[in-house]
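Undergrad: What follows is each chain in one-letter form.
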Amino acid sequence: MFGFNRYDVRLLLNLFKMNVRDRYLGSSLGSVWAIVNPLLMLCIYTYVFGFVFKIKLPGAETTLAYVVWLITGYGPWIATTEAIIASSGSVVGASSIVKNLAFKTELLPIAAALVGLISLAVSLLFLLILLIVSGNTPTWHVAFLPFVIVLQFIWIIALGMWLSAITVFVRDVMQVLPNLLTVLMFFTPIFYPFDSMPRLVQNLSLANPFYHLAEAYRSILTEHQVPSIEGMVFVAVLSIVVFHFGLAAFRRAKGYFDSAL
Amino acid sequence: MSFCVELDQVSKVFSAGSSTTGDLVAAMAGNVGQDTLAGGKVAVDRLTLSIAEGERLGIVGRNGAGKSTLLHMIAGLSGPTSGSVRISGKVTSIMTLGVGLRDDLSGRENIYVDGEIQGKSRAETDSVIEQVIEFSELGEFIEYPVRTYSTGMKARLAFAMISHIDPEILIIDEALSVGDASFSVKATARILEICARGKIVILVSHGMQAIRDICNRCIYMKDGRIVMDGQPDAVTRAYIEEVREADEAELMLKFQSHVGSRSFKAGSEISRVSLFSGEIEVNCVRIEAGSRLRIQIVARHQGIAGGAVLRVHIVRLDDLLLFHKDFPIGDYVLDGGDIGLEVEFSPLVLGAAIYRLDVSLLENDSDSCEPCARSATIFEVFALDPPSGGKPMLLYPVTGRVVLT
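Here the protein sequences come in this chain order: R and P.
Using the numbering used here, read the first sequence as starting at 1 and increasing by one per residue.
Using the numbering used here, read the second sequence as starting at 1001 and increasing by one per residue.
A couple of the hints might just be wrong.
Said to hold, decoys possible - Label-pair ranges, simulated between beta-carbon atoms:
| id | chain 1 | residue 1 | chain 2 | residue 2 | range |
| --- | --- | --- | --- | --- | --- |
| 1 | P | S1084 | R | Y7 | 22 to 30 angstroms |
| 2 | R | F245 | P | T1096 | 27 to 35 angstroms |
| 3 | P | S1106 | R | H224 | 47 to 55 angstroms |
| 4 | R | F234 | P | A1123 | 40 to 48 angstroms |
| 5 | P | D1103 | R | L13 | 21 to 29 angstroms |
| 6 | P | E1241 | R | M1 | 52 to 60 angstroms |
| 7 | P | H1164 | R | L145 | 42 to 50 angstroms |
| 8 | P | G1083 | R | V226 | 51 to 59 angstroms |
Honestly, the hints are just simulated from the structure, not real lab data.
Think of the CB as a built atom: it goes at the ideal place given N, C-alpha and C, for glycine as much as any other residue.
With these hints in hand, go ahead and build the complete structure from the sequences.
TA: Structural data, given as structure tokens:
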């Protein structure tokens, strides 16, 4: 599929293992940071929006309900941010092997994006505990969760394909990207409900895959509903189109990597 | 399946401009034509080459001739700007040793990482890991983090990692001499062994001996084109010859200030100093270490009858005097009254370096005597297989013989 075979899957797994090791096992506390980092961010935003600004969801009285709602959106977003940044820098970061070994370099952004799964798992676990504590135990709808996660990562990989190849030639991408993602985060209904956004942004959000993904997580985990089929189909189609052209562009550009790295 | 490498009209142009965005657009659009990269540096120029199974191809050429670029394209590390590269078989390329060594991990873990980069499964790495460790001769250090290794140890580990590859098409860039002398011998032997197993071997090296040992075909590249293609012996010889000529011209240009003849006293002059090397009497300034060197000096001097001498000095460029001898001119008078002296070094035992040959004409052989005339010439001694580990001042001519008991 897409010009990949069985050996590539193995190499992808190997690269994934390597990324995880480089990211989490290099520092002395190692894997502890994998859990602490997302938790720290979750705590800060919970404090700021839940206790300083005291945002309450329409129809809900407690702050805890807001916190749960926030984390259902923000947890997956942390994973998204990490995955997109890692994926974009993957080719430049692996320049020594790109320049010396002949292999399918298009596996690099994929393997790097998948590292985001770890922080996603941490967030979801944390969320699960919160849900149980708040008495909002998940229902059979969580069966849709793997499906949403797959969609989320196909979309991230599609973006990563473009960004990682562009970064090789224009290194500035890595400087701009974190801020750009923060801007994007505030244009996506993650900290506040869709309804409280200006009309214009609401309309734009319908074209924003991150909005549909955040809504899907919330439907499944806090509202116990089947995620919006239209939204999911939109994300799936968009992802596959962007991925298809991204992969083609990447494969054309990879012949020039060695002179730009 | 038969293995082959076919290149048809392959060109590679590196953009000279600093516009990386331009490169990006060109690369992504995939239409990098001559016009997009006009003014770029042509590294490989419409090169057509076909390598059949069983061929072990050596590539020689000066720096910047396009050897590595060509190799990168065959290895699939970069794409050609135009033309097509067709390869059947699995390519294994060794461009740099120790790619992806992780400093924080132990030697053993690094072997697994290397396997991962190569796309091997854990089981495949397990099956060779003990051999790799044994080959590296690292002993207990294999369990220590690589950051505690010396450079030599790292190199040994890196080489050991590639020592168990089973290549179909093998590409090796530059010499792979690593570690101390004994390990280097072992490594070279292993490279020969790996090459013998490969169905197709492509080797870029500046070591002519390596090319002659390993290859059965050799191409000489210049300015991105193949200028010669044939038997390694013939091609390497032609290459060395061309390089020598070019180097000589360069050498003379560089040390022009050292070269020249001056007369300090009317009627006294050194009119000619020529160097002859080897059996063929060619005037040259580059001489192979251990060959025969003859120096011909023609001079003129008033009052030949006196105790005047021709003093021959060989001085290394850092002013270290290596040879000093006075020749009384009375012994070398020619029929016409000129002085003609030939000095022969057989063999020349100077080590590889650049030397200045000073010839002076003196009234007597005392050290304080001012010269009547002086001439200086530069020459370089080179060694085809220079010893590793330093530059010896002298070349020791040694021969081995069977012991007769």
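Undergrad: Work down the list of hints and note, for each, if the structure agrees.
TA: Verification of the supplied hints:
1. P:S1084 / R:Y7: 22 to 30 angstroms: With a Cβ separation near 24 angstroms, S1084 of chain P and Y7 of chain R satisfy 22 to 30 angstroms, so the hint holds.
2. R:F245 / P:T1096: 27 to 35 angstroms: Check passed, 33 angstroms falls within 27 to 35 angstroms.
3. P:S1106 / R:H224: 47 to 55 angstroms: For H224 of chain R against S1106 of chain P, whose Cβ atoms are near 50 angstroms apart, the range 47 to 55 angstroms holds.
4. R:F234 / P:A1123: 40 to 48 angstroms: Once the Cβ atoms are compared, 43 angstroms apart, the range 40 to 48 angstroms for A1123 of chain P and F234 of chain R holds.
5. P:D1103 / R:L13: 21 to 29 angstroms: Holds, since D1103 of chain P and L13 of chain R (Cβ atoms, about 24 angstroms apart) stay within the stated range.
6. P:E1241 / R:M1: 52 to 60 angstroms: holds (55 angstroms)
7. P:H1164 / R:L145: 42 to 50 angstroms: With Cβ atoms ~44 angstroms apart, the hint holds.
8. P:G1083 / R:V226: 51 to 59 angstroms: holds (55 angstroms)
Comparing the model with each numbered hint stated earlier shows that all of them hold.
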